[in-house]
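Chain by chain, the residues run as shown.
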Amino acid sequence: MSNNWEMVIGLEVHAQLKTSSKLFSSSPNQFGSEPNENVNFIDSGMPGMLPVMNFGCIEMAIKTGYALNFKINKHSVFERKNYFYPDLPQGYQISQFEFPILSEGYINIESGDNQKKIRIERAHLEQDAGKSIHDIDPKYSFIDLNRVGTPLLEIVSYPDLSSADEVINYISSLRQLLMYIDVCDGNMQEGSLRADVNLSVRKKGQELGTRCEIKNLNSFKFIKQAIEYEFQRQINIIDSGGEIEQNTMLFDTSTGETRAMRSKEFSHDYRYFPDPDLLPVNLSQEQIDKIKPLVGELPQDKLNKYLDNYSLDKDIAKIIIAEKQNANLFEKMISESTVKPKLIAAWLVGDIFAFIKENNLEVDSLNDKTKDITDLLRLISDDVISNKAGKEILPKVLNGEGKPSELVKELGLEQVSDSGELEKIIDEALVGEEENILKFQGGSDRVLGYFVGKCLKATKGKGNPKLINKILLERLKK
Amino acid sequence: MSDIDIKRISYLAKLKLPSEKEEFYSISLKDIIKWVDNLKKVDTSKTEPLHNVTEKTVSIRNDEVSKSNSVDDVLSNAPERAQNFFKVPKVVE
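Note that the protein sequences, when read in sequence, are chains C and A. Add 1408 to the 1-based position in the first sequence for our numbering, that's all there is to it. Add 29 to the 1-based position in the second sequence for our numbering, that's all there is to it.
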């Protein structure tokens, strides 16, 4: 039984930085190009070519430093991590080892109903490798070096995570933050964000066990599956009297199992040493300070603002801050209109997101529709049209079929808010209802609903329900 | 001084070493290390590690793209190519 076992997990998250060019060369940093299109002689490891540091990567690392509460190191050093693989033409990866650019950070994640602080040991800049394609030819591997030299920030947590759900929350929070500060596009499918999971098991309260590392997971689903499988695998080994061998594992997405990578004759020895082609990075406090204002508002800042200034419900506020583009759209509508933020928020997470989902759109694509949306919401809050009419018009507004006020006229959806007219209709509706009126006066509230319905029907659904309610109450109390 | 694991070293260096040469290279490497070990005689307890002999910092460039060559240039030295890929003996890990 796994009841008295617990898992201890530390994560290495690789985030591709969304610079225009690569870490040490001017080739485009771009996904989805033709094979070897974005490769120059530095990337392909030609002899005599020298790497030149892209300052954009340092800026993004510093921004990340602020967002993840890191100590930003003025002094950091690039080293060579030596290993042989065909998609690594230099024969080594340039990375940071002893002196990373960021150290000792943390983020807070949700764990059940509580917040949990996850400490982050370090984050360092390094090069991504190319891609090997093994399934075109039985005897040969095909190599595409486009990804070689793409800047990565490797973010290494302490083993502070203790469930698959915490891991997912941690990675989601990281992803959200990196996207907010605009350093990573967060596209896990394209490999912009990948995680290595280090997992060990122990009986509750006991010393740490031997860990295994599951490499290169790039979806939340697979991360969860891999963790659950590996947890059980390790428990089974120990329960049957075995010992965990420290190993690097691969997760097989087709079987849902982890397995050890082809065991090597000898253990890895990366023989790190400072790269003689690259001098140390020495930053001034001024250079670091200059980047702080570029960090902008973080999700937690926005959440507080939405709760305190706009009085949104927490659940709704959380949906809006989940993605930066949601928050941008929301704030644009607030800045452009006097409609209450609460009403905007309700429509955004309701009918507007439903429309986006239904039509497979990007949230950003509605940025030029914000004025029309808030005009429509203004008509609702001014009681010119009913909520129901608003729902009917919204898709037409979002499809660009017309301005809200024109559509209201065209479709005859204007609400009857003329009390004289409504009084007349109500009086007619009450004729012959003496029995029901007595029932109401005797305390049966249900009858009120019946009357409202009857009057609305008489207005063909266009009567202002609030006003009808009010007039009805006056009449019935007499 | 620790022993030389000549099999491991040749593996890491991707060099094929005939077994009759193993002893010769073990001894040679041991001699080299012994000689380098002379450095241990220097007292460095009060010396900061030096990562580079110049005091300078890394030279930087702005984040701008420039393309200096074509795909064909990059593939022109490849022993074998298939379309625009490098074609290499299968290495699966």
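No lab work stands behind these hints: they were computed from the structure. It cannot be assumed that every hint is accurate.
[As the list claims (entries may be wrong)] Which bits of chain A does chain C cover? Going by a derived footprint, with three or more residues having C-beta under 8 Å, they are: (1) 45-56; (2) 60-70; (3) 93-101.
[To be verified] Heads up, simulated DSS-like pairs for lysine-lysine below, C-alpha to C-alpha not over 25 Å straight-line: (4) A:85 / C:1489; (5) A:45 / C:1479; (6) A:36 / C:1539; (7) C:1817 / A:116; (8) C:1547 / A:119; (9) A:75 / C:1489; (10) A:43 / C:1539; (11) C:1489 / A:43; (12) C:1482 / A:63; (13) A:96 / C:1547; (14) A:119 / C:1539; (15) C:1426 / A:36; (16) A:85 / C:1547.
[Claimed, not checked] Residues of chain C placed beyond 12 Å of chain A at every Cβ, according to the derived structure: (17) 1425; (18) 1430; (19) 1444; (20) 1448; (21) 1593; (22) 1679; (23) 1698; (24) 1831.
Since this is a predicted model, take the numbers as computed values, not measurements. We put the beta carbon where it would ideally sit given N, CA and C, even for glycine.
Each hint tested on the structure:
| no. | hint | result |
| --- | --- | --- |
| 1 | 45-56 | violated (count 0) |
| 2 | 60-70 | violated (count 0) |
| 3 | 93-101 | holds (count 7) |
| 4 | A:85 / C:1489 | holds (23 Å) |
| 5 | A:45 / C:1479 | violated (46 Å) |
| 6 | A:36 / C:1539 | violated (30 Å) |
| 7 | C:1817 / A:116 | violated (67 Å) |
| 8 | C:1547 / A:119 | holds (6 Å) |
| 9 | A:75 / C:1489 | violated (29 Å) |
| 10 | A:43 / C:1539 | holds (21 Å) |
| 11 | C:1489 / A:43 | holds (16 Å) |
| 12 | C:1482 / A:63 | violated (37 Å) |
| 13 | A:96 / C:1547 | violated (33 Å) |
| 14 | A:119 / C:1539 | holds (13 Å) |
| 15 | C:1426 / A:36 | violated (42 Å) |
| 16 | A:85 / C:1547 | violated (48 Å) |
| 17 | 1425 | violated (10 Å) |
| 18 | 1430 | violated (9 Å) |
| 19 | 1444 | violated (5 Å) |
| 20 | 1448 | violated (5 Å) |
| 21 | 1593 | holds (15 Å) |
| 22 | 1679 | violated (7 Å) |
| 23 | 1698 | holds (14 Å) |
| 24 | 1831 | holds (69 Å) |
Of the numbered hints given earlier, the model fails hints 1, 2, 5, 6, 7, 9, 12, 13, 15, 16, 17, 18, 19, 20 and 22; all others are met.
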